[in-house]
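Chains as they are written, first to last, in full-length UniProt numbering: chain F, 1 to 404; chain L, 1 to 404.
Each hint should be verified, as a subset may be incorrect.
One copy or two, it doesn't matter: identical chains are merged, so the pair holds either way.
With a straight-line Cα cutoff of 20 Å, these simulated EDC-like cross-link-like pairs (lysine to aspartate or glutamate) come out [said to hold, decoys possible]:
| id | residue 1 | residue 2 |
| --- | --- | --- |
| 1 | Lys394 | Glu152 |
| 2 | Lys21 | Glu356 |
| 3 | Lys21 | Glu266 |
| 4 | Lys21 | Asp124 |
| 5 | Lys402 | Glu192 |
| 6 | Lys330 | Glu233 |
| 7 | Lys330 | Glu56 |
| 8 | Lys21 | Asp262 |
| 9 | Lys294 | Glu266 |
| 10 | Lys222 | Asp190 |
| 11 | Lys23 | Asp262 |
| 12 | Lys21 | Glu233 |
| 13 | Lys402 | Asp67 |
| 14 | Lys373 | Glu152 |
| 15 | Lys373 | Glu157 |
| 16 | Lys294 | Asp220 |
| 17 | Lys394 | Glu84 |
| 18 | Lys394 | Asp205 |
For the record, the hints were derived by calculation from the structure and aren't laboratory data.
2 protein chains.
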Amino acid sequence: MTTCDCKNTCTPTPVFSQIGKPKGNSIIQDILALASRPEVISFGGGLPSPEGFPLEAVKEAADWVIDNQGRRALQYSAVEGVMELRTALAHWETENGVPTKPEEVLVCSGSQQGLDMIARLFLDPGSKMLVESPTYLGALQAFQLSQPEFVELPCDEQGLNPAAMGEECRGARLAYVMPTFQNPTGRSIDVERRKLLAEKAREYDFWILEDNPYGQIYYDEKPALSMRAFAPERTITLNTMSKVLAPGFRLGYFMAPKIIIDALSEMKTAIDLHTATYTQLITARCLELDLMKKHLPYVRGIYKQHAECMLNALETYLPKHPQIKWTHPKGGMFIWLELPENVDATELLKACIAAEVPVAFVPGFAFYANHPKHNTARLSFVTVPEEKIVAGVKTIAETLQKFL
Amino acid sequence: MTTCDCKNTCTPTPVFSQIGKPKGNSIIQDILALASRPEVISFGGGLPSPEGFPLEAVKEAADWVIDNQGRRALQYSAVEGVMELRTALAHWETENGVPTKPEEVLVCSGSQQGLDMIARLFLDPGSKMLVESPTYLGALQAFQLSQPEFVELPCDEQGLNPAAMGEECRGARLAYVMPTFQNPTGRSIDVERRKLLAEKAREYDFWILEDNPYGQIYYDEKPALSMRAFAPERTITLNTMSKVLAPGFRLGYFMAPKIIIDALSEMKTAIDLHTATYTQLITARCLELDLMKKHLPYVRGIYKQHAECMLNALETYLPKHPQIKWTHPKGGMFIWLELPENVDATELLKACIAAEVPVAFVPGFAFYANHPKHNTARLSFVTVPEEKIVAGVKTIAETLQKFL
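Take the sequences, apply the hints, and build the full model.
Listed below in structure tokens is the structure:
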């Protein structure tokens with residue numbers, strides 16, 4: 001109780017719920033706050049490159065929507081999403097190799113909301129949930145609100161290794177995987193591993209939540225098909241417009257069997273009624289005008305160029321050492337760096353931020369549900385100009401030398 | 001287990017979480033599905049009138065945003081909301097009588113999301129939560145996902161009656177109230193009751209979640225100030241652009257002490273990162289150009305005219321009976337109808353849908369957390385043309401006659 005003289009009108013300390021209790025700033029937030037000074041070269045972010053945003057196309061589509069669908073665009077709409085958008089997305093996914101019906105699509109407010117919704121739909125406190133090791137940090141944050149017991153799946157240099165999945169999977173309701181250009185490693189699993197993952201899901205009777213934000217951001221070759229091609233009956237795929245159109249719209253979408261779409265729809269009614277009608281109609285218009293086909297090659301080109309630049313710089317500058325290695329992604333936004341076991345990437349980060357040409361990245365420990373590897377780091381390259389990529393990698397190389 | 005020959009590739013029955021288990025269609029959804037035929041006059045919806053949408057202003061603002069802030073509008077943005085919008089909203093609330101700083105504002109994806117966020121922030125399964133009787137159906141749906149124990153607060157013909165609040169409030173973390181033009185009753189509580197509610201909140205040490213979607217939709221006189229004027233230290237006010245600008249944007253906002261804003265911000269990071277940047281910037285632009293002051297008198301005029309039309313029709317056509325009465329709202333979108341105790345409004349609704357001039361409304365039982373009164377109904381008038389309001393009320397009157 002407060003003991004001041006305010007007649008009891010001081011702000012009382014709220015009794016938060018168990019999941020609502022603020023965790024306070026994490027180590028990562030503390031460090032990245034230090035790194036937010038403009039002179040710091042940041043390999044930390046997961047933002048897409050704003051160079052890739054189709055401003056004129058969005059403006060034209062937005063004007064068209066107000067002129068032709070204005071009252072509808074500003075009104076409430078169906079919880080599952082507007083039918084034009086569900087149809088356009090189903091058509092797009094079908095064209096990309098996995099037959100999809102509009103009624104198997106549900107629109108959500110970015111895939112981050114999708115992660116939270118699936119966790120709430122499947123997980124009671126203590127439910128077993130399978131995740132890759134490492135896995136996407138933001139997904140762990142969303143899932144933690146549902147208080148699952150995480151089980152880390154076996155992963156190797158080719159990504160998730162379903163052949164090594166065994167009894168630890170029994171009793172799990174759900175596995176969260178990112179088979180294509182994974183965040184944080186950039187790794188993709190091949191067709192054989194996808195098939196085997198489908199078999200394991202059937203054997204141990206769990207659902208697959210496939211997060212696929214980067215599938216369209218391949219540099220040269222199209223990646224293997226979505227898990228919906230291998231285990232359509234038990235895969236929920238989450239996709240997003242954030243990397244191919246605009247994150248500022250907060251538009252994601254599920255593709256799943258109808259029993260899941262129906263349950264998600266009931267949940268979405270309770271948690272936010274529906275995603276914004278206006279941005280859905282704009283996005284539908286962009287898709288109908290085939291913006292993706294015109295726009296994606298340009299986005300892929302930017303990302304590929306930046307990835308190559310960073311890979312070259314790593315090859316050129318990083319110390320030659322048998323325990324220093326990094327992934328060579330064929331799409332997406334991330335390179336995963338592994339350091340000698342005695343090097344703590346958080347300490348390396350602190351030193352890099354204090355360097356003459358300061359640089360930041362995300363220490364890898366944050367991407368593990370249970371057993372962090374502290375000698376890892378995630379490097380993102382897409383928003384950094386090429387000369388700064390080179391300068392930043394030089395700083396990492398010089399600083400790392402002192403840790404060896 | 002399935003026993004078919006599909007090699008185990010049938011869609012398996014998912015094991016949903018306790019809160020995720022679909023409840024199936026509610027009685028209300030079943031009935032309202034019947035009522036969705038175009039010939040049915042619907043007093044059921046809570047939609048604002050699309051006549052009131054400022055299409056031209058939105059189009060101009062949207063073009064301005066792409067021309068002047070395009071790359072930013074399509075990019076990720078701050079979890080609490082874009083600063084222009086938080087500043088414009090703080091300014092607007094301050095002008096309306098409750099001093100508010102931008103850092104006390106947090107933007108969310110419609111107030112439905114706000115209800116879910118507060119429930120998750122405060123409630124563990126079984127936590128005591130105070131609600132009005134009746135209260136907003138959509139809020140109950142959101143809160144139920146956090147599995148609280150609801151306690152109904154004493155209400156009378158003047159709305160919530162804090163004088164009668166007592167020991168049942170002890171141990172509650174939160175009270176959910178709509179003091180102004182309440183959904184479903186249309187009632188507002190006066191300044192005395194607001195002061196007393198503040199005192200009770202201090203006495204029993206609970207937080208107040210004030211839902212205020214209709215405060216600006218007064219017909220003649222401005223209503224009493226928000227609870228933030230009476231208990232600023234423990235009130236969380238939830239407001240929305242849905243009724244004053246456009247529900248299709250899904251834009252709501254919290255105003256609360258910083259300790260709550262910080263906790264909400266941490267939660268929002270995990271559940272959807274942030275609300276769409278683009279619609280936030282468009283809304284900020286509309287507010288900066290003083291759209292509210294130009295636009296709101298027009299919206300209030302439409303709503304007042306429809307309310308008067310329905311009140312006149314009820315007075316003219318409903319059977320004279322001491323137990324038939326209805327509220328006379330001074331703002332908002334709803335009239336609450338009370339019927340003789342032996343009349344079940346759900347049965348009345350079925351008969352009204354089957355009438356020659358069919359009409360639908362929402363039976364009142366759905367608005368009670370614990371102790372439904374079946375002889376009540378919510379009537380909404382804003383999207384119905386005046387001649388149809390009269391025709392619909394005639395149907396209710398004639399049908400009701402048969403139940404007396």
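Hint check results:
With identical chains, the CA atoms of Lys394 and Glu152 are never at most 20 Å apart, being 34 Å at best within one copy and 65 Å at best between copies. When the C-alpha separation of Lys21 and Glu356 is checked against a cutoff of 20 Å, the pair qualifies neither within a copy, at 39 Å, nor between copies, at 56 Å. In this assembly of identical chains, the alpha carbons of Lys21 and Glu266 lie at most 20 Å apart only when taken from different copies (9 Å versus 27 Å within one copy). With identical chains, the CA atoms of Lys21 and Asp124 are at most 20 Å apart both within one copy (18 Å) and between copies (11 Å).
Taking the shortest Cα distances, Lys402 and Glu192 never come within 20 Å of each other, neither inside one copy (42 Å) nor across copies (70 Å). When the C-alpha separation of Lys330 and Glu233 is checked against a cutoff of 20 Å, the pair qualifies neither within a copy, at 28 Å, nor between copies, at 53 Å. When the C-alpha separation of Lys330 and Glu56 is checked against a cutoff of 20 Å, the pair qualifies neither within a copy, at 29 Å, nor between copies, at 45 Å. Taking the closest pair of Cα atoms, Lys21 and Asp262 come within 20 Å of each other only across two copies (11 Å); inside a single copy the shortest separation is 31 Å, beyond that limit.
Proximity of Lys294 and Glu266 under a CA criterion of 20 Å is satisfied in neither setting, with 36 Å inside one chain copy and 38 Å between copies. Within a single copy, Lys222 and Asp190 get their C-alpha atoms as close as 12 Å, which meets the 20 Å cut-off; across copies the closest is 65 Å, which misses it. Taking the shortest Cα distances, Lys23 and Asp262 sit within 20 Å of each other only across copies (11 Å), while inside one copy they are farther apart (33 Å). Taking the closest pair of Cα atoms, Lys21 and Glu233 come within 20 Å of each other only across two copies (19 Å); inside a single copy the shortest separation is 37 Å, beyond that limit.
For a Cα distance limit of 20 Å, the shortest separation of Lys402 from Asp67 qualifies neither inside one copy, at 62 Å, nor across copies, at 48 Å. In this assembly of identical chains, the alpha carbons of Lys373 and Glu152 lie at most 20 Å apart only when taken from the same copy (13 Å versus 51 Å across copies). Taking the shortest Cα distances, Lys373 and Glu157 sit within 20 Å of each other inside one copy (15 Å), while across copies they are farther apart (63 Å). Taking identical chains as interchangeable, the C-alpha atoms of Lys294 and Asp220 lie at most 20 Å apart only when both belong to the same chain, with a minimum of 16 Å there against 53 Å between chains.
Taking the shortest Cα distances, Lys394 and Glu84 never come within 20 Å of each other, neither inside one copy (49 Å) nor across copies (38 Å). For the identical chains of this complex, Lys394 and Asp205 are neighbours neither inside a copy (48 Å) nor across copies (57 Å), given an alpha-carbon limit of 20 Å.
Going down the numbered hints, you'll see the structure goes against 1, 2, 5, 6, 7, 9, 13, 17, 18, while the others check out.
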